[in-house]
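Visitor: Since the structure of chain A is provided, determine the placement of chains L and Z on it from the hints.
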Amino acid sequence: MSKKLGKMLAETISSLFKKPATSSYPFEKREIHKHYNGKVAYIKEKCVGCNMCVRNCPAKAIFITKIADKQFEATLHLDRCIFCSQCVISCKFGALKNTNEFELATGDKSKLVVKL
Amino acid sequence: MSKKVVIPIGPQHPALKEPASFDVTLKGERVADILVKVGYNHRGIEKACEERTFLQSVYLVERVCGICSHSHSTCFIQAIEELANLKIPPRAAYIRSLIGELERIHSHLLWLGVAAHEIGFDTLLMYSWRDREIVMDLLALLTGNRVNYAVNVIGGVRKDVSEEEKDQILKAVDILEERTKYYVQVATEEVTLIERLSKVGYISHEDALKYGAVGPTGRASGIKRDIRKDDPYAAYGEVDFEVITDDHCDVYGRAVVRVKELMQSYSIIRQLLKKLPQGPLSVVAPRLIPAGEAVSRYEAPRGEDIHFVKSNGTDKPERVKLRAPTLANVQSVAKMLEDGYLADVPIVIAAIDPCFSCTDRMIVAVNNVSTAKEDRMDWKTLREFSIDWYKKNRGVDFTKLKKLDK
Amino acid sequence: MILLLLKILVFPGILFLVVLSMIGEYFDRKVYAKMQNRMGPPWFQPVADFIKLLAKELIIPKNADRKIFKALPLVACSSVIIAYLYIPLWRKESIMSFNGDIIFVLYMLTIPTLTYSLAGWYSRSQYALIGSMRVLTQLFSYEVPLFMAVLAPTILASSWSFTEVINFYNAGGSLWLVNFIAFAVAIVTLQGKLEKVPFDIPEAETEIVAGSFTEYTGPLFAYFRLAMNMQTIAGASLVAAVFLPFGYGSFFIFNFIIYIIKVTFIIFLLAVIRTIFARLRTDQMLSFCWKYLAPIALVQILINVIIKAAVLK
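In order, the protein sequences belong to chains A, L and Z.
Residues 1 to 116 (this note's numbering) are what the first sequence spells out, left to right.
Residues 1 to 406 (this note's numbering) are what the second sequence spells out, left to right.
Residues 1 to 313 (this note's numbering) are what the third sequence spells out, left to right.
So here's chain A without its partners, still in its complex pose (with noise of 0.2 Å):
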């Protein structure tokens, strides 16, 4: 191995002139791609009320409750959901779907249970 003092020189003075890889964050922010896992958005009229999601979810965090005959309402749990989308796959209706909002911190817990 041939030794070199200070190898990463060059490197470092060519970075003084570019352009930073680092952005601050919240003024500019990144295009997230639309794929990306983030709150799931439900569809209440495609919902049957089968259960299927709540049944599969590893973490308990979506329920299914009956409001009315034929008409359901879903409840996520934003703490427990750990957004591996498999209640997007269980459902074989299609009533859920993923979104890209990830940006789901806030300082109340109660915020935390939202209706979808």
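Warning: the hint list may mix true and false statements.
Derived pair list, reagent style DSSO-like, types lysine-lysine, alpha-carbon separation capped at 27 Å [what the hints assert, rightly or not]:
#1 A:K34 <-> L:K171
#2 L:K27 <-> Z:K62
#3 A:K18 <-> L:K171
#4 L:K166 <-> L:K87
#5 L:K4 <-> Z:K30
#6 L:K166 <-> L:K229
#7 A:K29 <-> Z:K30
#8 A:K3 <-> L:K199
Source of the hints: derived by calculation from the structure; they are not laboratory data.
Since we're looking at a predicted model, the values are computed, not measured.
Guide: Okay, now just chains L and Z, sitting in the frame of chain A:
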């Protein structure tokens, strides 16, 4: 100064990314003795798998570790598929290997940055983690997540690789190969780096075999073992690559092995993408897995990962046991640090690429050592036992805890 | 008298030094970040750090010696300020100067290092103890090359007073270029005095948490960091005054700008050294300083002696 001082490195220490305790007895600046204690990251995952169906356990096992999550998930699923006698379609095998190699790339780049940080070379940390972002973005594009990819289902994979994604992968691999060649140059030529990494953490070939070192740690001491070659799984039987070994037997050798493995991964990915067969992505898996036991092995970025799954015919596993590679490697840390300097302790620990989240699996029931009868508790009994124990021995009262409800 | 007091307290004394040290830290961190291809901290970061640390709770370990624990940051800050008052910045004479003040400044700049070591010793904690031993070991390694390098130009000038050295080199044209080797050695050992990579083994974050400052929290740590930043400026000014002795004419604004450029250039060199090297271990640092730096400084002294005997009769 020949008085002995005991320095605790850990459980909380800036050198460690995860809690583990190394009690170092020092004589001056030299290490006289070291006591290794693990177990601070025990989360009861093996027990928790017994309460969840196989489908849910896949996600749980994936979260054993953030860096090698795909390794654990694939290893677990391979054991289940063996129990259920499922043969996955070839396209699924190729996609699993592709994601596995991308994970290996991101793990080795992460290791390069962390090792550089331990020796105070923050510049290399920033550069290698900047290049790691290319891989993370690629994985987010392919699977939808940056860690914990969730791309495996029992019977195959659930996400496909389209043609334009293939082009993006190839372009990214080209960029990364050029950057990796630069890191090889830096690692082999920069004087301060060589001085810090050479002759540090030396473990000879015979000792490495005796202490059971696996993965790049063992391969740097000349042990030529790689599960991808010895026992091929997924698509590794159909690609051509070399098993990298090195003779240095020290931290420098481990760095060289990992960087060269990166170059091999690039070549494997190119071959996988060229030969990617058409076909379905998965086969239908039964909900009840037939009874039996299965062991499966996987070459994680850190070494050999072994999973044991026992099923009793229901939809929940009866026993799951994971042995992560770090458990095998951490035994040799004490041997490596014999008569070393205190300044070498962090870099030697970092050189085995420790992932203590993977390691902490053991449950030791101290109470029943004297009675010879076998005692097995289920989840509910274990919970009541622990509440009782804490009330008796530590005076902690859990009855005021709000019950977890909907 | 009042004018002297104002000069000491405000400009170019304590307040000016504090402001310049904040700017110096910002510049150092920004250059370090840009060379690593990222954005650095904003301009008010050092001020924000200082104010935040002042607001934190003061915790003193039970076994530690309270009086000395609290007094040491004060000693560090005051000795750096005193050293700075004797360095000529943009006039040939500093605020107070006397014959032999180069040695005085060098000794005053050694005192902060001793306070770092004592801080670790009186904290009575294991990490701090190891840190304090390492500070002393490092002190023994770089002090001799630093002294030899800084005193090499004074051999030609036959004096240990700043004013006479600057006068001599100003009259001699480009004779100051002879001291180039000593300049390089002085920059490297200055990095050792400031305890930055590759010589930051006393404060190695990944091995002994924070070295001798492990038990220091809140306001006391803020003053130690201020002392370290001021030491950077004082060391850079010292090197600038001895090795780059130009810009001491009669126009104040012109000399002030040249002074700022000189100090900026030296801080830039220190930041580059910080970026491209890894940290040396204690034994490697010892052997590096004694095997390479000390003989090179000796070579420069030899060159200067020969030049003085042969050329300047």
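Visitor: The structure should be examined with respect to each hint, and the outcome stated for every one.
Guide: Verification of the supplied hints:
1. Only pairs whose Cα atoms come within 27 Å are accepted, and K34 (chain A) paired with K171 (chain L) is accepted, the gap being roughly 21 Å.
2. This hinted pair checks out: K27 (chain L) and K62 (chain Z) have alpha carbons roughly 26 Å apart, not beyond 27 Å.
3. Taking the CA atoms of K18 (chain A) and K171 (chain L), the gap is about 21 Å. The hint holds against a cut of 27 Å.
4. Distance restraint check for K166 (chain L) and K87 (chain L): the Cα-Cα separation of roughly 25 Å lies within the 27 Å cut-off, and the hinted pair is therefore satisfied.
5. Of the supplied pair hints, the one linking K4 (chain L) and K30 (chain Z) is violated, its CA atoms being roughly 42 Å apart against a limit of 27 Å.
6. Proposed proximity of K166 (chain L) and K229 (chain L) is supported: the alpha carbons are some 25 Å apart, at most 27 Å.
7. Proximity of K29 (chain A) to K30 (chain Z) is assessed by CA-CA distance (about 22 Å); at most 27 Å being required, the pair is judged to hold.
8. Of the supplied pair hints, the one linking K3 (chain A) and K199 (chain L) holds, its CA atoms being roughly 16 Å apart against a limit of 27 Å.
Checked against the numbered hints given earlier, the structure breaks only hint 5 and satisfies all the rest.
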